[in-house]
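Chains A and B are the protein sequences, given in the same order. Residue numbers for the first sequence follow the working numbering, so the first one is 168 and each next one is one higher. Residue numbers for the second sequence follow the working numbering, so the first one is 7 and each next one is one higher.
Be a bit skeptical, because a hint or two may be false.
Unchecked claim - With a Cα cut of at most 27 Å, we get these calculated DSS-like pairs of lysine-lysine: (1) Lys-152(B) / Lys-227(A); (2) Lys-227(A) / Lys-161(B); (3) Lys-227(A) / Lys-332(A); (4) Lys-332(A) / Lys-264(A); (5) Lys-264(A) / Lys-333(A); (6) Lys-171(A) / Lys-252(A).
To be verified - Among the chain A residues that face chain B by a calculated CB cut under 7 Å, a handful are: (7) Gly-177; (8) Ile-185; (9) Leu-236; (10) Val-287; (11) Gly-303; (12) Val-318.
Stated by the list, open to error - Have a look at the derived ranges for each label pair, beta carbon to beta carbon: (13) Asn-19(B) / Ala-223(A): 15 to 21 Å; (14) Leu-162(B) / Ala-272(A): 42 to 48 Å; (15) Lys-264(A) / Leu-57(B): 16 to 22 Å; (16) Asp-203(B) / Phe-254(A): 16 to 22 Å; (17) His-269(A) / Leu-57(B): 18 to 24 Å; (18) Ser-270(A) / Met-7(B): 30 to 36 Å; (19) Val-186(B) / Arg-327(A): 20 to 26 Å; (20) Asp-203(B) / Ala-272(A): 31 to 37 Å; (21) Met-7(B) / Phe-256(A): 23 to 29 Å.
Since the hints were made in silico from the structure, they are not lab data. Glycine included, each C-beta is placed from N, C-alpha and C at the ideal position.
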Amino acid sequence: MPRKISWFTGGILMALLILFTFSVWGANRPIGASTYVPYFAGVIFGLDPQHYEYMAQIEKPGAWEGVMLIGAFLGGLFMSLFVTKTFRFSVIPHLWKERKNHSVASRLFWSFVSGFVMIVGARLAGGCTSGHFLSGASQIAVSGLIFGGIVMATVIVTGRLFYKKK
Amino acid sequence: MIDRIMHMFEIVNTEGHGSVWLVLFIGFVFGAIIQWARVDKFEKIAGFAMLEDMTVPKMLFFSIGLASIGLYFMIEAGWAHYHVKPIMLGGIVIGGILFGIAMAIFGKCPGTGPISVAEGRIDVLVGAIGGIFGGLFFTWAYPWFKQIMGPNLGKLTLPGLFEGHAHLVVLIYGIALVVVAFAIPNLEYLDPEDHEDKAEL
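Pulled out of the complex, with its shape left as it was, chain B reads as follows (with noise of 0.2 Å):
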C-alpha cells in the first residue's frame, strides 16, 4: 500500500496538472473555504433536501455564474482550455437520480465528506467506508456497468450551440444564476449544537 501512495504522488509530478504541493495547495484552500462557509455540514445539504436551509444552492449558483463567465475570458485569452465532460446519456440519468437520493439522505458529497471526517464527525467516516466500497463495486462490475452508461452524445456546451452568439450566451447564462443566487430565500438553519449566528452578507 505504501508504494502505491507513493506511485500517486509520482504520477501528479509527471502528469503536468501543477506539482504535487500546488494540488496540495488546490486541495487545502478548497477544504478551507468549505469549512468556512460550513457547506460540508449535514444541515446544508440535507436541510437543502428539506427546504429547511438554501445556503448550498445559493452559494453554488453564485460562484458557477461568477467563474462562468471569467472561464470564458480566461479561455478566449488563451490562458485556459475547455475540459468539457461528454454526455454519456444513460450514466448521467441512472448516476444522477442515485446520487441525488444518497445526497439528501447523507447530507454530503465526495467533495465535502473528507472535510466533514475532519471537524470529527463520525458519521460521515462510516459513509466514507460505505463509499470505498461502492468504488470498490463500481469498479468490480464495470464491465456491466458501462453497457448502461451510452450513449455518448458528445462533449457540447452550451455556447458551442449558438455558434456566433457564444459571448451573449456566457453572459446571460453567468448573470442569470447571478441572480437566481440572490432571489432564493436566504433561509438558514442555525443548529444550536454549533451555537451558530447568521453570517452576514
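For reference, chain A alone in the conformation it holds in the complex (with noise of 0.2 Å):
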C-alpha cells in the first residue's frame, strides 16, 4: 500500500464517501463535523439540553457526528500507525518554526486561541468545512458557496498578516 496518496486519489476517494454518506443506502443526510464540538462540551460539562436552548437544538445532529468523529479519529489513528507511519508525539509543526517561531507556549497559546475561535465562527456560520464546503458546494447550495468564499479569502489575508514572509 503507497504511504501517501495524491489530491487527485484523495478527491475521487472523498467524492465518493460524500456520495454515499449522501445517498439512501448510507446516511441519508451530509457529512458535518463542526456541531460533535459543542455537543461534546455539553456531554463533558453536563449541560441539560432542557436548560440551554442550543443544546436541545443540536441534541441529534450532535450525537451523529459525535459518533461519526469517533469513527475519523480510529480512522486516522490506524493509518497513522499502519500505512503512513506518521504517529508520532510532537507539538510544533516544522512549517510553523520556519514562517513563525520556536517557542512551545506560543503555539500553545495560539492553537487554543484559534481552536476556540474556530468553533465559535463554525457555529455562528452553521457549519465548517465539512458542512458548508464538503457537503454545502457539492449541493451547489449558496449558503455554502458564500462561507467558501469568505474563508478562501480570510484564509490567505491572515496568512500573509499573521506569517512572516519568506
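Taking the hints as your guide, dock the two standalone chains into a single complex.
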C-alpha cells in the first residue's frame, strides 16, 4: 500500500464517501463535523438540554457527528500507525518553526485561541469545512458558496498578515 | 458522563440516519482518506494560507466538483435527497471571517483536528480543548448570538435559481471546479520531519 495518496486519488475517494453518506443506502444525510464540539462540551460539562436552547437544538446532529468523529479518530489512528507510519508525538509543526517561531508556549497559546475562535465561527455560520464546503458546495447550496468564498479569502489574508514572508 | 455517551449512541440508533456501526464506518473512512492524503497536517491548511502548499484547495475543488455532478444524478434517480443549509447571512459572514482567521493560524478545521490528534500532535490536542471551551461559550451565549445570525434568506441552491436549466448549471459548475482543481499550481510543501516524498498524481 502506498504511504501517501495524491490530491487526485484523495479527491475521488472523498467524492465517493460524500455520495455514499448522502445516499439512501448510506446515512441519507450530509457529512458534517463542527456540531460535535459543542455536543461534546455538553457531555463533558453535563449541560442539560432542557436548560440550554442550543443543546436541545443540536442533540440529534451532535450525536450523529459525535459518533462519526469517533470513527474519524480511529481511522486517523489506524492509518498513522499502520499505513502512513507518521504517528509520533510532536508539538510545533515544521512550517510554523520556519515562518513563525520556535516557542512551545506561543504555538500552544495560538492553538488554544484559534481552536476556540474556530468553533465559535463554525457555529455562528451553521457549518464548517465539512458541512458548508464538502456537503454544502456539493449540493451547490448558496450558503455553502458564500461561506466558502469568505473563508478562502480570509485564510489567505490571515496567512499574509500572521506569518513572516519567506 | 457515561450515560450521556450511551445516550449519544442511542440517539444515533433511533434517528434513522444509519446504524451506529455505519456511522462509525463513515467516520473511519473519512479519517482514513484525510490521513492518507496527509491533509490533516498543519503544513497543508496553514501552508495554503502562506501559499506554500496547494494540496487542500486542489483536493477540495476536485472532490466537490465530482460530488456535485454525481449527487445531482442520484437526487434525480431518487437515491439521495437535498439537505441544504439556510443562508443565515449575518452568521455566515461573521462566522466565516472568524473561521478563516482561526483556520489559517490553527492549520486545522473541525474535521481534520481529531485526525491530527490521532497522529500524536500535542498542539492540536490543546487547540481541541480550546474548541471545547469555544463550544461551551457558544452554547452559553447562544441567546445573544442568535440576534446577529440573521436574516435568514432561505435554503437556496444555484441550480434552483435557474429554473429549467438546472442540468446545465450543475454540469458547468462541476466541470469548472474540476478544471480549477487541475489549474491550481501543484505546490507541495515537503516536511523534512516526515521525510515526505512528493505524491504522484
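Okay, the hints, checked on the actual structure:
Proximity of Lys-152(B) to Lys-227(A) is assessed by CA-CA distance (about 20 Å); at most 27 Å being required, the pair is judged to hold. A hinted pair counts as satisfied when its Cα atoms are at most 27 Å apart, and Lys-227(A) with Lys-161(B) qualifies at roughly 20 Å. A distance of roughly 45 Å separates the Cα atoms of Lys-227(A) and Lys-332(A); the hinted pair therefore is violated under the 27 Å criterion. Distance restraint check for Lys-332(A) and Lys-264(A): the Cα-Cα separation of roughly 13 Å lies within the 27 Å cut-off, and the hinted pair is therefore satisfied.
Under the criterion of a C-alpha separation no larger than 27 Å, the hint pairing Lys-264(A) with Lys-333(A) is consistent with the structure, at around 12 Å. The suggested pairing of Lys-171(A) with Lys-252(A) holds, with an alpha-carbon distance near 10 Å, which does not exceed 27 Å. A hinted interface residue such as Gly-177(A) counts as satisfied when its beta carbon comes closer than 7 Å to some beta carbon of chain B; here the least separation is about 3 Å, so the hint holds. At about 4 Å, the closest approach between the beta carbon of Ile-185(A) and any beta carbon in chain B falls short of 7 Å, and the interface hint on this residue holds.
The interface hint given for Leu-236(A) holds, since its Cβ lies 6 Å from the closest Cβ of chain B, which is under the 7 Å cut-off. Given hint, Val-287(A) at the interface with chain B, holds; its Cβ is 5 Å from that chain's nearest Cβ, closer than 7 Å. For Gly-303(A), the interface hint holds, since its Cβ comes within 7 Å of a Cβ in chain B; the closest pair sits about 6 Å apart. For Val-318(A), the interface hint holds, the least distance from its beta-carbon to any beta-carbon of chain B being 4 Å, beneath 7 Å.
In this structure, Asn-19(B) and Ala-223(A) meet the distance hint of 15 to 21 Å, their C-beta atoms being roughly 20 Å apart. Separation of Leu-162(B) from Ala-272(A) is about 46 Å and conforms to the stated range, judged on CB atoms against 42 to 48 Å. Restraint check, Lys-264(A) to Leu-57(B): a C-beta distance of roughly 18 Å satisfies the suggested window 16 to 22 Å. Between Asp-203(B) and Phe-254(A), the C-beta spacing of about 18 Å keeps the proposed range 16 to 22 Å intact.
One distance hint, 18 to 24 Å for the beta-carbon pair His-269(A) and Leu-57(B), holds here, with the actual separation near 22 Å. Between Ser-270(A) and Met-7(B) the CB atoms are about 35 Å apart, so this pair conforms to the stated range of 30 to 36 Å. At about 21 Å, the CB distance of Val-186(B) to Arg-327(A) agrees with the hint of 20 to 26 Å. For Asp-203(B) and Ala-272(A), the Cβ-Cβ distance of about 33 Å falls inside the hinted range of 31 to 37 Å, so the restraint holds.
Under the hint 23 to 29 Å, the C-beta atoms of Met-7(B) and Phe-256(A), about 26 Å apart, fit the expected range.
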